[in-house]
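Undergrad: Just so we're aligned, residue 395 is where the sequence shown starts under my numbering, counting upward by one.
Treat the hints as calculated values from the structure; they're not laboratory data.
Please read these numbers as outputs of a predicted model, since none were measured by experiment.
Each residue gets a CB set at the ideal place from its N, CA and C atoms; glycine is no exception.
Each hint should be verified, as a subset may be incorrect.
Said to hold, decoys possible - Ranges of calculated distance between the beta carbons of each label pair, as one might list FRET restraints:
1. Ile-426 / Arg-493: 24 to 32 Å
2. Asn-600 / Ser-490: 44 to 52 Å
3. Asp-549 / Lys-585: 23 to 31 Å
4. Asn-583 / Pro-626: 18 to 26 Å
5. Pro-565 / Ser-490: 36 to 44 Å
6. Glu-514 / Met-486: 25 to 33 Å
7. Leu-483 / Pro-626: 41 to 49 Å
8. Gln-546 / Pro-656: 37 to 45 Å
9. Ile-431 / Thr-584: 35 to 43 Å
10. Asn-677 / Glu-621: 17 to 25 Å
11. Glu-596 / Arg-433: 37 to 45 Å
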Amino acid sequence: MFMAGIQGMGNYHDQNIMKPIHVLLIANPQIIDEKRILRTYKDMYVRKNWKNVQKAFQPDVVMILGNLLNEGRAWNTMRWESEIHRFNLLFMQIPSFKRVPFFYLPGKHDIGFGKDSSDEAYDRFRKVFGKTNYSFKIGNHSIVAIDTVSGQNNDLSFETTHFIEKLGKNPNKEPRILFTHLPLYQPPNTKCEPRQHNLINETSSNFVLKNVRPKLVFSGDNHDYCEIQHEPVNAMEVTVNSFNFAKNPSKPGFAMLSLYNPFDSSDSNQIPTYAYSQCFLPNPYGITLSYIYMKRLPRYWKIAFKELTVIAFFVLATYLCCL
Numbered sequence: 395m396f397m398a399g400i401q402g403m404g405n406y407h408d409q410n411i412m413k414p415i416h417v418l419l420i421a422n423p424q425i426i427d428e429k430r431i432l433r434t435y436k437d438m439y440v441r442k443n444w445k446n447v448q449k450a451f452q453p454d455v456v457m458i459l460g461n462l463l464n465e466g467r468a469w470n471t472m473r474w475e476s477e478i479h480r481f482n483l484l485f486m487q488i489p490s491f492k493r494v495p496f497f498y499l500p501g502k503h504d505i506g507f508g509k510d511s512s513d514e515a516y517d518r519f520r521k522v523f524g525k526t527n528y529s530f531k532i533g534n535h536s537i538v539a540i541d542t543v544s545g546q547n548n549d550l551s552f553e554t555t556h557f558i559e560k561l562g563k564n565p566n567k568e569p570r571i572l573f574t575h576l577p578l579y580q581p582p583n584t585k586c587e588p589r590q591h592n593l594i595n596e597t598s599s600n601f602v603l604k605n606v607r608p609k610l611v612f613s614g615d616n617h618d619y620c621e622i623q624h625e626p627v628n629a630m631e632v633t634v635n636s637f638n639f640a641k642n643p644s645k646p647g648f649a650m651l652s653l654y655n656p657f658d659s660s661d662s663n664q665i666p667t668y669a670y671s672q673c674f675l676p677n678p679y680g681i682t683l684s685y686i687y688m689k690r691l692p693r694y695w696k697i698a699f700k701e702l703t704v705i706a707f708f709v710l711a712t713y714l715c716c717l
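Let the hints inform the model, and build the full structure from the sequences given.
TA: What follows is the structure in structure tokens.
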């Protein structure tokens with residue numbers, strides 16, 4: 395599953411550009427290692443919802459915006475490989491469906507961040523998932539994914555900076571869609587800022603926007619959904635809510651991005667070529683409570699029926715005695 399995305403980087407072209415391309419965006423699946431009973435329940439929730447999402451939306455591409463594992467940066471290699479295998483099983487593609495490419499970004503919990511960064515975690519992430527900065531074309535759009543967590547002090551690494559500079563020297567003929575784990579900088583008192591724990595600093599954010607010139611930005615890290623407009627490039631940033639209900643108990647979910655650009659480059663600058671939507675997953679606690687309620691309901695009906703039968707018998711007997 396993993397190498398399908400890696401092998402497709404840089405040369406994944408859809409042959410039928412008249413057909414919309416659907417990209418499934420997952421942020422913070424963050425597979426949790428806890429006591430077995432809790433882990434089993436949470437794994438079952440992720441596996442079941444992933445299967446249902448595949449059936450309902452049948453995406454052409456899957457993009458995972460980092461934080462695959464909750465403790466990936468801290469585990470030794472043997473434990474990490476075991477948990478990656480577990481992740482692979484949870485996000486297994488339905489055999490009867492078409493095989494689709496997966497693309498990945500590293501998150502804070504995958505390779506560390508700032509003073510907690512780990513060279514070992516970074517190297518093994520790259521070994522399994524490939525480059526952490528890459529671009530490819532699909533549906534007459536240019537997809538740009540950048541690594542925003544391997545730098546220091548909320549800044550970009552040298553490798554990421556060099557990658558972005560190269561993009562800036564090449565005009566974007568197709569509309570660019572940017573993917574990043576950390577959200578871009580947001581001024582104080584904006585609607586998303588109080589909920590964002592980590593952001594790329596202002597200087598680096600301006601550098602990214604100036605050189606990439608994206609039409610749309612998707613980010614993860616924060617566990618809640620949010621939208622914010624970046625000026626002066628007029629790019630909307632969408633922070634995708636967590637797929638894991640343990641990290642967003644009330645509103646776990648994902649996002650769908652549809653790309654449709656049958657125009658030449660001059661036309662596509664004037665006409666919208668994409669659409670996106672926030673999608674919620676079922677509330678796990680509501681499901682559990684409903685199951686318990688429905689499981690017990692027949693029993694309560696039996697008890698109530700017996701009591702009503704006894705009451706009806708005494709009422710009828712009293713009525714007959716009074717005749």
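Undergrad: Just to be sure I understand the hint, the distance between the Cβ atoms of Glu-596 and Arg-433 should be within 37 to 45 Å; is that true here?
TA: Holds: the Cβ-Cβ distance is about 40 Å, inside 37 to 45 Å.
Undergrad: Do the Cβ positions of Asn-583 and Pro-626 conform to the proposed distance bound of 18 to 26 Å?
TA: Given range 18 to 26 Å: holds, Cβ gap about 19 Å.
Undergrad: How does the Cβ-Cβ distance of Ile-431 and Thr-584 compare with 35 to 43 Å: does it lie in that range?
TA: Between Ile-431 and Thr-584, where Cβ atoms are some 41 Å apart, the hint holds.
Undergrad: For the pair Pro-565 and Ser-490, does the Cβ-Cβ distance stay inside 36 to 44 Å?
TA: holds (42 Å)
Undergrad: Within 25 to 33 Å: is that where the Cβ-Cβ distance between Glu-514 and Met-486 falls?
TA: holds (27 Å)
Undergrad: Within 44 to 52 Å or not, the Cβ separation of Asn-600 and Ser-490?
TA: holds (47 Å)
Undergrad: Taking the CB of Ile-426 and the CB of Arg-493, does the distance hold inside 24 to 32 Å?
TA: holds (28 Å)
Undergrad: With respect to the beta-carbon atoms only, verify the hint that Asn-677 and Glu-621 lie 17 to 25 Å apart.
TA: holds (22 Å)
Undergrad: Given the hint of 41 to 49 Å, is the C-beta distance from Leu-483 to Pro-626 inside that range or not?
TA: For Leu-483 and Pro-626 the Cβ distance comes to about 46 Å; the hint holds.
Undergrad: How does the Cβ-Cβ distance of Asp-549 and Lys-585 compare with 23 to 31 Å: does it lie in that range?
TA: Between Asp-549 and Lys-585, where Cβ atoms are some 25 Å apart, the hint holds.
Undergrad: Does the hinted range 37 to 45 Å hold for Gln-546 and Pro-656 at CB?
TA: Given about 43 Å between the Cβ atoms, the range holds.
Of the numbered hints given earlier, the model fails none.
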